[in-house]
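So the sequence lines, in the order shown, correspond to chains D and A.
Per my numbering, the very first residue in the first sequence carries number 1; after that it's consecutive.
Per my numbering, the very first residue in the second sequence carries number 1; after that it's consecutive.
I should point out that these hints are in silico values taken from the structure, not numbers from a laboratory.
It is possible that part of the hints are untrue.
[What the hints assert, rightly or not] Keeping only pairs whose Cα atoms sit at most 20 angstroms apart, straight-line, the calculated SDA-like set for lysine to any residue is: (1) A:135 to D:143; (2) A:249 to D:260; (3) A:297 to A:247; (4) A:128 to D:80; (5) A:128 to A:182; (6) A:135 to D:105; (7) A:227 to D:74; (8) A:320 to D:335; (9) A:320 to D:231; (10) A:128 to D:260; (11) A:135 to D:260; (12) A:249 to D:336; (13) A:227 to D:334; (14) A:135 to D:145; (15) A:135 to D:334; (16) A:128 to D:144; (17) A:135 to D:146; (18) A:249 to D:325; (19) A:135 to D:230; (20) A:128 to D:145; (21) D:80 to D:105.
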Amino acid sequence: MKQAPITSRWWIVAGGGLLFTASLLAVGFSLVWYFATDSTARRQSKSLIDQPESQPPRLITGQVLDTSGEPAVGARVRWKGTEYSTLSDTVGRFTLSIPMLALNEGQPVRLVAALEGHFIGGRDWNGEDEDITLRLVSYPANDHDDYDWIDPRPSEIDENRCANCHPEIYAEWSQSGHARSANNPHFLNVFLGTDAAGRADVGWNLAGDYPEGKSVCLSCHQPSREPSIESDGLLLAEESVHSLGVHCDFCHKVANVSTQHVGLSHGRFAMTLLRPARGEKLLLGPLDDVDRGEDVYSPLYGESRYCASCHEGILFGTHAYSTYSEWLGTNYAERGVQCQDCHMANHRQITNMAAGHGGIERDPATLSSHATPGADLGFLREHLSLEVAAHRESGGIVVRTTVTARDVGHLTPTGHPSRQLLLVLRANTESGQAVPLIAGERLPAAAGTPDRGGQAGQPGKLYAKTLTSLDGDPHIPYWDVTELAADTRLKPDEPDRASFTFAGQQSPVVIQAD
Amino acid sequence: MRKLSGSSAIALLHSSAWVFIVFALPALAYGQRQRAVNYDEIVDAFIAYDVGELRGEAGARAYAAFQAINSDDAIPALTRGVNRAASINNSCPIIVLSSKLQGMLQRTQNVDMVAHAFDNLDTDTEGKVYGSYVKSLKQFADQRYAALTGGKPRLGRTTLRGGGTASQLRRSQKPVEQWAYEDLVEALGQEKDAELIRVLEELRERRGAQYTSALTDAVQIVPEDMKAVARGLLAQRLIRMTDETLRAKLEHPDAEVRAATARAIGYKESPLLAELAAAIRDRDPRVAQQARASLMKLTGQDIGPPEGTESYAEWYAASKRWEQWVAAHGKTPVPPESP
Chain D
1 MKQAPITSRW WIVAGGGLLF TASLLAVGFS LVWYFATDST ARRQSKSLID
51 QPESQPPRLI TGQVLDTSGE PAVGARVRWK GTEYSTLSDT VGRFTLSIPM
101 LALNEGQPVR LVAALEGHFI GGRDWNGEDE DITLRLVSYP ANDHDDYDWI
151 DPRPSEIDEN RCANCHPEIY AEWSQSGHAR SANNPHFLNV FLGTDAAGRA
201 DVGWNLAGDY PEGKSVCLSC HQPSREPSIE SDGLLLAEES VHSLGVHCDF
251 CHKVANVSTQ HVGLSHGRFA MTLLRPARGE KLLLGPLDDV DRGEDVYSPL
301 YGESRYCASC HEGILFGTHA YSTYSEWLGT NYAERGVQCQ DCHMANHRQI
351 TNMAAGHGGI ERDPATLSSH ATPGADLGFL REHLSLEVAA HRESGGIVVR
401 TTVTARDVGH LTPTGHPSRQ LLLVLRANTE SGQAVPLIAG ERLPAAAGTP
451 DRGGQAGQPG KLYAKTLTSL DGDPHIPYWD VTELAADTRL KPDEPDRASF
501 TFAGQQSPVV IQAD
Chain A
1 MRKLSGSSAI ALLHSSAWVF IVFALPALAY GQRQRAVNYD EIVDAFIAYD
51 VGELRGEAGA RAYAAFQAIN SDDAIPALTR GVNRAASINN SCPIIVLSSK
101 LQGMLQRTQN VDMVAHAFDN LDTDTEGKVY GSYVKSLKQF ADQRYAALTG
151 GKPRLGRTTL RGGGTASQLR RSQKPVEQWA YEDLVEALGQ EKDAELIRVL
201 EELRERRGAQ YTSALTDAVQ IVPEDMKAVA RGLLAQRLIR MTDETLRAKL
251 EHPDAEVRAA TARAIGYKES PLLAELAAAI RDRDPRVAQQ ARASLMKLTG
301 QDIGPPEGTE SYAEWYAASK RWEQWVAAHG KTPVPPESP
């Protein structure tokens, strides 16, 4: 039988509407992974054996000593800004091999050494043959809770501001979810019961419904605030550095994150902070060759564990956030793909962290983006695919869909339980008349009832973690007593296939999959 | 009926033995029985609900009973609840209980209850993760007491003579073998040199998972020159564990524990060769290196990766080679060759 022509078009609309009507339609899904090469491996990708045999490498030998003058064992010794590095041995000695072709005559090689518990140290090597000594200074082990957080915003008065020397990184971060963790509309909607336009008392309202619990949010959304009964509610005054949410100085003061009580000890409560005494500086980070005397190398900054305490949470009895444990359950964790490998991949945008302020040109693969994408449509479109095929059968028009989350190291959507991915199918005649669905799924009540702008009842599928009240109401905030009614989210790299049959028509039918 | 308080409540939290509370709650929530409300039970049940252990109808009853608390008589139980919540390292309960207690202290006119809260908020929780909550709550109780009595704030009256914390005073009065768990943990951040080693050795000897955790945390807490000592003692402690336990600990989220476990397996010549081979591809290099060292010790083989290898891909490949070797040669350690 000759088949009638069917026009099909499809695209993904991210987010979903529940109680927040249109506001949540723009909500994306955070923490989407793609498989990326480990930055450490990339850094070491150049091979020293590429050099001509006639030019043996230059060997630089020496010793790394700690604060007390004892050999520093296992220190990373690196030619700053390059992939050429080695480790000090059990007596602190090292031999660094550098291809002659890589050396620039007359220019010193900056040698740096990094070791846990110490500031990164360095000195110039000018081609001398004798051993050189690199001395490391240990950093103070005590955290100072009277520390004054550094405001990241640019300032002509305060030269210490982050953006003054790192404008590109600051610009990236400013667009990130971290920069808006305390004041983004979706968070404020839930926290204060407002809608997208800021009107009060229109939706869930943690501060109003459960005032005893409102400070629970702060350990992740305003983590630099000193926790106490006085830090009650949000601090949104613009002059406060806390209003900037997860800001630069906070992140770079995290010395350790415990996963011993993951999900139960939230945000900064699971973190060991290392804030220096007043007048002193200390910054932790993933680079092992920044030797200004105030920087500390920490491999933690390349591990998913760093993210765990804010992206896993049992709150008010509900396992509301589960991204970290989802990742642990995937083969991405087994393969060693960390959160940062995807959400902080530089994509070769930045080559100098502090251009004009002492920064050096670097292989962009060794630097991190601070935009931390995840909830934006562009990032989602990279990782979500929808395939649609349609044909006529005797029973009607059969539409088969395949939705896949590719290179994503957790379930999709992840994060806040109100996030939903909706597949909505519509079949219309050319004149716009709806063609009825005769077989296949319809969106459940959790997709939002039509009177609230939702899609329930439409042909389609809901991908979501659906919480309900004990009597089955899906429109319930997680600070009420909840049950996990269904978890239909997409598993990493596992296509979800569905079939929908619409009533047969002689005239052309437009199938639209959103 | 058994009263839940102090360490018994904490033990319940850890063992998830909530059946007792589940049965007790209906009466507590709705007052259907003719007896005094046991606020300690309500608070304990709420904590269990809040951390996700008490679900469904029982959880709903726990939540409702807690929300219904509105009597000054509950202040002592809330005070005890704050102290307990501050010690179990869970964010939600300490914050919610503190807020609840603060609200009740703000509203009450009962001077004795305010004084009770002030006197019993446990300053020993200072220095712990949630100590700032207890401290600020104690200050609030102090100010509230002053406001109610027209007097001056009393804060400081429980400060030890000569300074120091209550834990330091207790420790000075007993040998380390008699120190409480909390005192041992606090000592990790205060003692030095030989005294610190004695504390670490005591943690190695004590029975119970909490001491394993404490010794694990100690690796992070102690000064740089003592970290190797702490790591070694942690591995020694793990030697006592069964192979089944060691297998589980190779999956522990804390890399220090995994590395120490890999070391312990090598020490005790455990037959967990396949598990060690898998651990060579652990993302944390400390674990991977220790797993390789133990495998070399147990098998007499060296099939990589070479010393100093940094590429994770090479560690991963070596892990697979070790797994193949173990599959081909059995899972039992090779005894040292006879001279």
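How the hints compare with the structure:
For the hint pairing residue 135 of chain A with residue 143 of chain D, the CA-to-CA distance comes to about 18 angstroms; that is within 20 angstroms, so the pair holds. Proximity of residue 249 of chain A to residue 260 of chain D is assessed by CA-CA distance (about 12 angstroms); at most 20 angstroms being required, the pair is judged to hold. Between the alpha carbons of residue 297 of chain A and residue 247 of chain A the distance comes to roughly 18 angstroms, so the proposed pair stays at or under 20 angstroms and holds. Of the pairs offered as hints, the one joining residue 128 of chain A and residue 80 of chain D is violated, with about 39 angstroms between alpha carbons and a cut-off of 20 angstroms exceeded.
Pair hint residue 128 of chain A plus residue 182 of chain A holds up; C-alpha atoms about 10 angstroms apart against a cutoff of 20 angstroms. A distance of roughly 62 angstroms separates the Cα atoms of residue 135 of chain A and residue 105 of chain D; the hinted pair therefore is violated under the 20 angstroms criterion. For the hint pairing residue 227 of chain A with residue 74 of chain D, the CA-to-CA distance comes to about 14 angstroms; that is within 20 angstroms, so the pair holds. Taken as a hint, the residue 320 of chain A and residue 335 of chain D pair is honoured in the structure, with Cα atoms around 13 angstroms apart against an allowance of 20 angstroms.
Proposed proximity of residue 320 of chain A and residue 231 of chain D is contradicted: the alpha carbons are some 51 angstroms apart, above 20 angstroms. Note on residue 128 of chain A and residue 260 of chain D: the hinted pairing holds, with a Cα-Cα distance of about 15 angstroms set against a maximum of 20 angstroms. The hinted pair formed by residue 135 of chain A and residue 260 of chain D fails the criterion: a straight-line CA distance of about 24 angstroms is larger than 20 angstroms. This hinted pair checks out: residue 249 of chain A and residue 336 of chain D have alpha carbons roughly 18 angstroms apart, not beyond 20 angstroms.
With a CA separation close to 28 angstroms, the supplied pair residue 227 of chain A and residue 334 of chain D exceeds the 20 angstroms bound. For the proposed pair residue 135 of chain A and residue 145 of chain D, the alpha carbon gap of about 14 angstroms is at most 20 angstroms, so the pair holds. Taking the CA atoms of residue 135 of chain A and residue 334 of chain D, the gap is near 42 angstroms; set against the 20 angstroms cutoff, the hint is violated. A hinted pair counts as satisfied when its Cα atoms are at most 20 angstroms apart, and residue 128 of chain A with residue 144 of chain D qualifies at roughly 14 angstroms.
Simply put, residue 135 of chain A and residue 146 of chain D have alpha-carbon atoms about 15 angstroms apart, close enough for the 20 angstroms limit, and the pair holds. The hinted pair formed by residue 249 of chain A and residue 325 of chain D meets the criterion: a straight-line CA distance of about 17 angstroms does not exceed 20 angstroms. A C-alpha spacing of about 11 angstroms is found between residue 135 of chain A and residue 230 of chain D, which places the hinted pair at or below 20 angstroms, so the restraint holds. Restraint check: the Cα-Cα separation between residue 128 of chain A and residue 145 of chain D comes to about 13 angstroms, which is no more than 20 angstroms; the hinted pair holds.
Distance restraint check for residue 80 of chain D and residue 105 of chain D: the Cα-Cα separation of roughly 17 angstroms lies within the 20 angstroms cut-off, and the hinted pair is therefore satisfied.
Consistency note: the structure conflicts with the earlier hints numbered 4, 6, 9, 11, 13 and 15.
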